[in-house]
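Visitor: Spelled out, the chains give:
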Amino acid sequence: MAVSAVWEHFPHGADVGVRGIGPTKEDAFQQVALALTAVVTDPTSIRCVVAVPIVCRAPSDDLLLADWLNAIVYEMATRHVLFGAYSVMFHDGELRATAWGEAVEPARHQPAVEIKGATYTALRVERVEDDHWLAQCVVDV
Amino acid sequence: MDLTRLDRRSDTEWWIAPHGRMRVPGIIYGSEALVRDMDVKVYEQVENVATLRGIQRASYAMPDAHWGYGFPIGGVAAFDPDEGGVVSAGGVGFDISCGVRLLHTGLLAPDVEAIKPRLAEALARGVPAGLGSVGRVHLDAAELDAMLSGGARWAVDRGYGTAADLERIEEHGCMAGARPDDVSTFAKNRQRDEMGTLGSGNHYLEVQRVTDVFDAAAAAAFHLREDDVVVCIHCGSRGLGHQIGTEFLRRMAIEAPQYGIDLADRELACAPIASPLGEAYLGAMRAGINCALANRQIITHLVRRVFADLAPRAQLDLLYDVSHNTCKVEQHRTNGRARSLFVHRKGATRALGPGHPDLPAAFAAIGQPVIIGGTMGTASYVLVGTAAGEAKSFGSSCHGAGRRMSRHAAAKLWHGREVIRELADRGVLVRSPSPRGVAEEAPGAYKDVTAVVDAADAAGLSTKVARLEPLVCVKG
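Sequences listed follow chains A and B, in order. All residue numbers for the first sequence refer to the working numbering, where the first residue is 1 and numbers rise by one. All residue numbers for the second sequence refer to the working numbering, where the first residue is 1 and numbers rise by one.
Where hints are given, some of them may not hold.
Unchecked claim - Cβ-to-Cβ under 8 Å is the rule here; a few derived chain A residues that face chain B:
1. Ala2
2. Ala5
3. His9
4. Gly13
5. Val40
6. Glu75
7. Thr121
8. Asp140
For the record, the hints were derived by calculation from the structure and aren't laboratory data. Fair warning: this is a prediction, and the values are worked out from it, not measured in the lab. Where is the CB? At the ideal position from N, CA and C, for every residue including glycine.
Given the sequences, and given the hints that come with them, work out the whole structure.
Guide: Okay, structure coming up:
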């Protein structure tokens with residue numbers, strides 16, 4: 001049976017682990033981005049009215065994951081937005097994505113915490129049991 | 001942590017004998033209970049830091065050590081550039097120069113009790129906190145670079161505070177050697193709207209009461225008496241520091257092989273001090289330190305305005321400002337000679353003993369105030385640096401309680417509104433835009449700060465001066 005695309009958090013002493021799982025690498029990267037959003041607020045509370053293009057390139061899949069999450073952190077911080085949906089494509093070793101969201105409304109979104117950056121702790125991108133992909137790391141908050 | 005893997009040298013000093021690639025021993029300070037409760041990752045990270053080139057004496061962990069990134073939080077390590085020593089972005093961390101400053105108010109607890117609710121509201125309104133908050137100070141490119149070069153001195157020059165403040169800040173408020181040109185446009189963009197903001201997570205602004213004085217002489221030198229009201233500000237270099245950390249961690253991890261560095265853990269990412277990458281990081285990191293010092297200085301100005309409105313006779317003089325995520329060049333004696341070492345403190349506070357030449361004149365005879373943050377519901381402490389601390393830990397001590405459970409676990413155990421209500425019942429007014437954030441930061445999610453401070457005292461890293469309890473806490 002095909003694995004569903006899902007995200008989850010995993011515990012870390014002081015910070016938060018974010019994990020995405022999906023049938024494809026693209027799905028796993030989209031899901032781990034939702035897990036990142038969920039560190040801050042409920043992703044379903046975010047209206048997707050603004051689209052932000054993101055492009056990343058890195059020498060390995062795991063560094064690409066860290067770059068992807070750090071690019072989202074940067075866009076959230078500088079545009080004062082939260083993202084509730086993501087689409088990801090890989091092309092010639094490059095990640096091309098769109099993040100959709102809206103301006104932060106503290107009263108409505110009640111953001112729990114700012115994210116400082118994606119770390120290399122528990123950083124993994126891999127195909128598991130030939131039927132799904134996993135992408136994860138710990139984020140510093 | 002399995003204590004049988006450690007060589008116990010005293011009640012509070014535990015050694016890891018050099019083995020494998022370790023160049024020096026590991027030394028963990030803490031009571032038996034604290035060390036036993038430490039994650040095994042602390043052991044591994046102390047071990048890994050000890051493998052880095054040019055490390056001197058030992059790889060240290062303070063009594064509040066916990067699992068960090070490359071270095072343990074609570075880690076201290078010093079490197080000699082003449083022995084190929086390194087500088088590590090992981091050894092400073094993402095929140096460059098995160099730190100704590102303590103302000104006197106000249107008020108006593110009964111004075112504040114009458115205005116406490118209004119004070120809590122005014123501080124929450126007056127100091128931007130939490131995700132989505134925007135500072136009121138916006139800098140163009142030239143001013144941003146001036147701030148990165150000048151730190152708190154820049155802020156004072158712009159009217160945020162007084163020259164007297166600068167004497168009570170490490171480096172006299174301005175970290176030398178900052179190179180704004182080595183700070184990326186991305187990092188500068190991230191700081192555009194964040195000057196004078198508190199941030200979120202474990203950062204806070206507290207009004208506190210001195211509940212106990214343990215060392216009368218030091219307390220007198222620090223002008224702390226029982227029932228005095230003080231203000232504590234805990235925050236760092238905000239988005240700019242986070243971005244510098246992110247970018248240099250990546251570069252150092254990728255370029256390590258070019259420098260012949262084989263990392264035991266990728267997050268130990270480092271470069272030789274005497275290399276273009278090492279020098280670029282030091283220039284950017286020092287700019288990050290200045291950003292943090294300027295940020296805390298602006299917040300101080302905002303706090304003073306609030307007190308001026310509500311308690312006009314309050315006098316908010318700065319006791320001291322200490323950073324606990326830094327790498328600084330310091331003079332230390334190792335192997336029989338004085339050297340300039342690059343001392344990394346990741347979640348550790350510099351704790352200079354009496355007579356140290358870098359101390360302000362007011363503290364020259366007594367030692368440096370060491371400010372230890374607590375949690376919303378427990379206590380904070382002021383300690384004083386010791387002469388013995390130099391030999392024990394390059395003059396370093398603990399920095400806070402340290403978490404004992406994850407945010408995830410805390411959010412399952414507590415509800416933010418309940419935490420706020422329970423603390424209000426105990427006389428602590430918490431103001432935060434985020435109930436979930438408060439739940440994740442619930443006092444029960446942290447270790448016992450008193451046990452940490454007692455261990456630092458017993459180990460001789462720094463000694464207790466006063467205990468403080470929160471009256472008002474503003475969190476992001």
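Visitor: Could you run down the list of hints and mark each one as holding or not?
Guide: Quick rundown of the hints versus the structure:
1. Ala2: Status violated, d = 28 Å.
2. Ala5: 21 Å, violated
3. His9: Because about 5 Å separates His9(A) from the closest Cβ in chain B, which is inside the 8 Å limit, the hint holds.
4. Gly13: 4 Å, holds
5. Val40: This hint holds: Val40(A) lies near chain B, its Cβ roughly 6 Å from the closest one there, short of 8 Å.
6. Glu75: Since the shortest Cβ distance to chain B is 10 Å, the answer is violated.
7. Thr121: It holds, given that the least Cβ distance between Thr121(A) and chain B is near 6 Å, below 8 Å.
8. Asp140: 5 Å, holds
Checked against the numbered hints listed earlier, the structure breaks hints 1, 2, 6; every other hint is satisfied.
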